[in-house]
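So you can see what is in the structure, the chains are spelled out below.
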Amino acid sequence: MNDFLFYIIVALVKIVIIANMILITVSYLVYFERKISAWTQNRVGPNRVGYLGLLQPFADVLKLLLKEDIVPKVANKFIHSMAPFIALFVAFTTYAVIPFGPSITLWGKEIPLMMADVNIGILYVLALTSIGVYAITFAGWSSGSKYSLLGGIRSSAQMISYEISMGFSIAGVLIFSQSLRPMEIVIAQHGWMWNAVLQPVGFLTFVVAAFAETNRLPFDLPEAEPELVGGYHTEYSSMKFAAFFLAEYANMIIGSAMIVTLYLGGWQFPYVETFGFSPAVTIGLQVGAFFVKMGALLFFFIWVRWSIPRFRYDQLMNIGWKVMFPLSLLNLIWAAILAMIMK
Amino acid sequence: MIESYIPIFLVFGFAILFSLAVVFSSSLFGPQRPNAEKMTTYESGVKPIGLANERVSVKYYLVAMLFIIFDLEVIFVYPWAVKFKSLYAQQGIQVFWAMIVFLTVFEVGFLYAFKKGGFKWD
Amino acid sequence: MEVILFAVFASIAVVSSVLVVTRRNPVIAALCLILNFGSLAGMYLLLSAQFIAVVQIIVYAGAIMVLFLFVLMLLRPDMERSFFRHDPLFKWAAIIVSVFTFLLLVYAIILTTFNAPILANHAKTIEIGTVEAIGKELFSNFLLPFEAIGFVLLSATVGAMLLSKKKLD
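Those sequence lines, one after another, are chains W, C and X.
Per the numbering used here: the first sequence = residues 2 to 344.
Per the numbering used here: the second sequence = residues 5 to 126.
Per the numbering used here: the third sequence = residues 885 to 1053.
Worth flagging that the hints you see were computed from the coordinates, not collected in a lab.
Heads up, a few of these hints could be off.
Below, in silico cross-link-like pairs of lysine-lysine (DSSO-like), each with a Cα-Cα straight-line distance of 27 Å or less [what the hints assert, rightly or not]:
| # | chain 1 | residue 1 | chain 2 | residue 2 |
| --- | --- | --- | --- | --- |
| 1 | C | 89 | X | 1008 |
| 2 | W | 323 | C | 51 |
| 3 | C | 42 | W | 64 |
| 4 | C | 42 | W | 78 |
| 5 | X | 1049 | C | 63 |
| 6 | X | 1020 | C | 89 |
| 7 | C | 124 | W | 78 |
| 8 | W | 323 | C | 42 |
| 9 | X | 975 | C | 119 |
| 10 | W | 78 | W | 68 |
| 11 | C | 120 | W | 68 |
Source: prediction; values computed, not measured.
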């Protein structure tokens, strides 16, 4: 029973730490998105609130908190509040299976640096991603606005189309890890045996699918401003809007963490064992490697957004079904052949 | 077994509480001054015409139907991918061809849908 | 522990399935159905069927319900009301079907022998539910049914295309 209590307490502590980490990262991701977009366009960006505008995220949250929550008369009130709830719920549960470091030993007990090392592992993320579609569908339907409905239904079709190539890309990774557990997927990529090196096509299709699933440019059709105003969140204001905003950035973080875990070796720091550091320093370097890789990918997400124009809807669906799906299938066969050769 | 899922249930509990707090915090702190104009939907500055329950194109249903089928296919690939290396060591190349046959049969359907214009958007 | 979790999942499942039937608004009913699928996945987990649990979410809650929702969005409230309200035949057909389904379930429960050996062999049960065990079984003993599934999915694809063909040509 004592062990069990320790287990629960460790889980709760991890929840508090990771949730706070996500919230802080989201705030500063928004800040950096604005700063990087400003640098791209030769502007200054937020610089008034605090030193270099560093307190801007808090000012934004406070502003949104004190705004009026407007729900259109024709909206279905219950579903209208359920949509941001689902979006946030999915964004704040997906991280549970992502390992950000190897196991550490505290008070004689081994604690893996992830929430739950479960057998279904990666499929848990896929299941939650498929639930995340409802946030957008419900938001679009319940608002009672034409823009919302069009944005919502377009976006759901987009997300389900790219889930297919995402699923096939993951299958290619599983051939090498021989397990669905993210921890073992990471361990299988020791040294330079990163899946991005072994199956670059799968890496490409997964990254593209991750962009489409997080509704980021060049796939942000659901909120294509020129045609759809705000897309599915046209009729959202105040903290409900903030919930969608928060969920989008949290999904970006989860997406980069997934890419790192599946393709870029997770917390693996190549050849760190040969440097001869003490175990604590080694673990620190490995956790650091995970966050450096993740940060680089987040920068890549923002960089792409401010450099590439948006696809047209027919182009987007064509890429999803006619290019990404066959490519991810070929990657699966390639991975199987590679596994047979490397045996 | 179920013990390893307890942290996930705790995460679920936390996420539900947190999301509810965020969604309903604005009705606690924000002002509530609704009026008829404010509560209409946005339609590029003109008065909204009709309701937003127009029928949508049949292509969306087709995509949803094809998604179910393709999703099932992906689900069948996972057990194969996870066991591929060990089954290859036991049975040899046969396990590779088993999946190739399955995928080929399935891809006939994909090509049929392709030729029929199922993925054509205009 | 497992009893508490079972009580939680079972009560969510019962409440949500009752709500699916009683809600007038079809989209709210669909939302409750998704919740119901989620709690069923929880119960599969309690039965150590981990892979089935996650497949339940991915396929039922994630794929099939999306199609349901797309169809529900097609319905117009005014047309749908006149279709459902004024036909007592539907009502009686529904009552008869549900009574017979209920009787069938009761019959199945009475016939089941809850034999102890399955419960005793706990470690073995956990092993069967994993994706590795399913993969091993599927590709050594059930290879032919697996290939047959390919043909079933092929026919489903063709069927989906034929259903919407008129609009596409």
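Results of checking the hints against the structure:
1. C:89 to X:1008: holds, 23 Å
2. W:323 to C:51: violated, 41 Å
3. C:42 to W:64: holds, 19 Å
4. C:42 to W:78: Holds. Residue 42 (chain C) to residue 78 (chain W) sits at ~15 Å (cutoff 27 Å).
5. X:1049 to C:63: Holds, at roughly 10 Å.
6. X:1020 to C:89: Within the cut-off at roughly 11 Å; holds.
7. C:124 to W:78: violated, 36 Å
8. W:323 to C:42: Violated, at about 44 Å.
9. X:975 to C:119: violated, 43 Å
10. W:78 to W:68: holds, 18 Å
11. C:120 to W:68: violated, 50 Å
Checked against the numbered hints above, the structure violates hints 2, 7, 8, 9 and 11; every other hint is satisfied.
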